[in-house]
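Protein chains: 2
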Amino acid sequence: MTGRIMVVGLGPGHEGHITPLVSEAVARATDVIGYIPYVERIAPRQALTLHPTDNRVEAERAQHALELAEKGRQVLIVSSGDPGVFAMASALFEVFERDSARWQDIAIEILPGITAMLAAASRAGAPLGHDFCVINLSNNLKPWAIIEKRVRCAIEADLAMAFYNPRSKSRPAEFEKTLTLLKTHCQDDRPILFARAVSTADEVIRVVPLSQTTPDMADMKTVVIVGSSQTRVVLQGDKQWVYTPRSYPFDNSH
Amino acid sequence: MTGRIMVVGLGPGHEGHITPLVSEAVARATDVIGYIPYVERIAPRQALTLHPTDNRVEAERAQHALELAEKGRQVLIVSSGDPGVFAMASALFEVFERDSARWQDIAIEILPGITAMLAAASRAGAPLGHDFCVINLSNNLKPWAIIEKRVRCAIEADLAMAFYNPRSKSRPAEFEKTLTLLKTHCQDDRPILFARAVSTADEVIRVVPLSQTTPDMADMKTVVIVGSSQTRVVLQGDKQWVYTPRSYPFDNSH
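Protein sequence lines, in the order shown, are assigned to chains A and B.
For the first sequence, my numbering gives the first residue as 1, with consecutive numbering after it.
For the second sequence, my numbering gives the first residue as 1, with consecutive numbering after it.
To be clear, the hints were calculated from the coordinates, so they are not data collected in a lab.
Warning: the hint list may mix true and false statements.
Since the list gives no way to pick one copy over another, a pair counts as held whenever it fits inside one copy or between any two copies.
[What the hints assert, rightly or not] Straight line, CA to CA, 20 Å or less: simulated SDA-like cross-link-like pairs of lysine to any residue:
1) Lys149 - Leu182
2) Lys149 - His185
3) Lys149 - Cys186
4) Lys169 - Pro37
5) Lys239 - Val95
6) Lys239 - Val208
7) Lys169 - Phe194
If we strip away everything but chain A, and leave its shape as in the complex, we get (with noise of 0.2 Å):
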């Protein structure tokens, strides 16, 4: 049998996220890889082995799958939320282009999840629902300059944004520097939407107007998305939803 690596996603949190075709591919394998708390979403089975990882051993992880699809194994790689937005994809074919040469006979399969940022996004409306960014704010594989840069020329192609990322306890400042680049280009009532463990028992979403946000509202759990200059909010009783219009005025005043 050809050995097979599916690197699949499982969504922000919520069974009722994971699609069939993730489903099939997990009840498929014979061997999960991954992140602890992403491997422990999946029920143990005869036949199955679980290989959970800690955190930042991507390379390592790819490189395992990669070993064992090569003796023929069904190799599941987890990722929550999409496998190809900030997580197990890349490192998979950063490591099979060291030696692709050996790899050329494995089966390769990426299949998309819901990823943070939409989950986020329905919860508080449609404030993705025109042009928008997507950055991930830790500098630990980049440096910070090309973050403000990318910060910098979204404010400026006012762009909505999404951050993945955001903050965590060692790397508190990215944040913080990305907040104080919004407050002093755009305004004050600016419509920023925290939403910390999307689609989880212990969901949280704010929606804080940019003048009164404060790094300590973002952690590693939450997902931050930023309103264009065009965003806006509507009241629903206690709801405050948020959405970006599908339309850019036509004015140039912006």
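With chain A's structure known, arrange chain B on it following the hints.
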């Protein structure tokens, strides 16, 4: 019974990409509203009224949904992909806001789906594995000037880009101008992904170096993904996998 509007994403085409939460919403609906080809994806059944409409009547659809929900109906608004990305969720809130006092008692629920760029990316590897932006190239609802500004900023920020609605018969110019911009400012071998009718029987995935792209490679069923300066192509037999690495150079040469 309180009327309800459920705005759901049916994913890019394959039934296996429809999440269980969306399938449950379909099962609860009394009415389905949407663009004809999307409504056709819902199986008819007793006590379910289908309301298919032609393109470009998003506001009328939203108004109709609100009025049906006001009468206590359980209304499903269907989009392909994700309803919050260039789709019906924004249109609903635009219409809601015009007369928001009237609709205070209607339950509103947005359920995410696999948007086209994530499915396209998954079929080609992981081109969106690092920071990226998402731009609708249609100038029906916005001026070309803001599209051009956004593409220029994305080039300067060295973001990967996903283009929705790149080109139609009545709008051939925007994509041609966008390609010219890219060819002027980006290196010749930048990988460009043309993903047409992703996850359907008509799917075509092409990876083309920027210098060899032509406008006719895209149509309204195509999502175009433009790599960043870091995006790479790796071969596996005849398959060209495209991926953007997780890291960005620290030497500031880009």
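Against the structure, the hints:
1. For the identical chains of this complex, Lys149 and Leu182 are neighbours both inside a copy (12 Å) and across copies (19 Å), given an alpha-carbon limit of 20 Å.
2. Taking identical chains as interchangeable, the C-alpha atoms of Lys149 and His185 lie at most 20 Å apart whether they share a chain (14 Å) or sit on different chains (17 Å).
3. In this homomeric assembly, Lys149 and Cys186 come within 20 Å of each other (Cα to Cα) both inside a single copy, at 16 Å, and across copies, at 17 Å.
4. In this assembly of identical chains, Lys169 and Pro37 lie within 20 Å of each other by CA distance solely inside one copy; the values are 19 Å within and 48 Å between copies.
5. With identical chains, the CA atoms of Lys239 and Val95 are at most 20 Å apart between copies only, with a shortest distance of 17 Å across copies and 46 Å within one.
6. Taking identical chains as interchangeable, the C-alpha atoms of Lys239 and Val208 lie at most 20 Å apart only when both belong to the same chain, with a minimum of 12 Å there against 46 Å between chains.
7. In the homo-oligomer, the alpha carbons of Lys169 and Phe194 lie at most 20 Å apart inside one protomer (17 Å), although the nearest pairing across protomers, at 40 Å, exceeds that limit.
Checked against the numbered hints given earlier, the structure satisfies every one of them.
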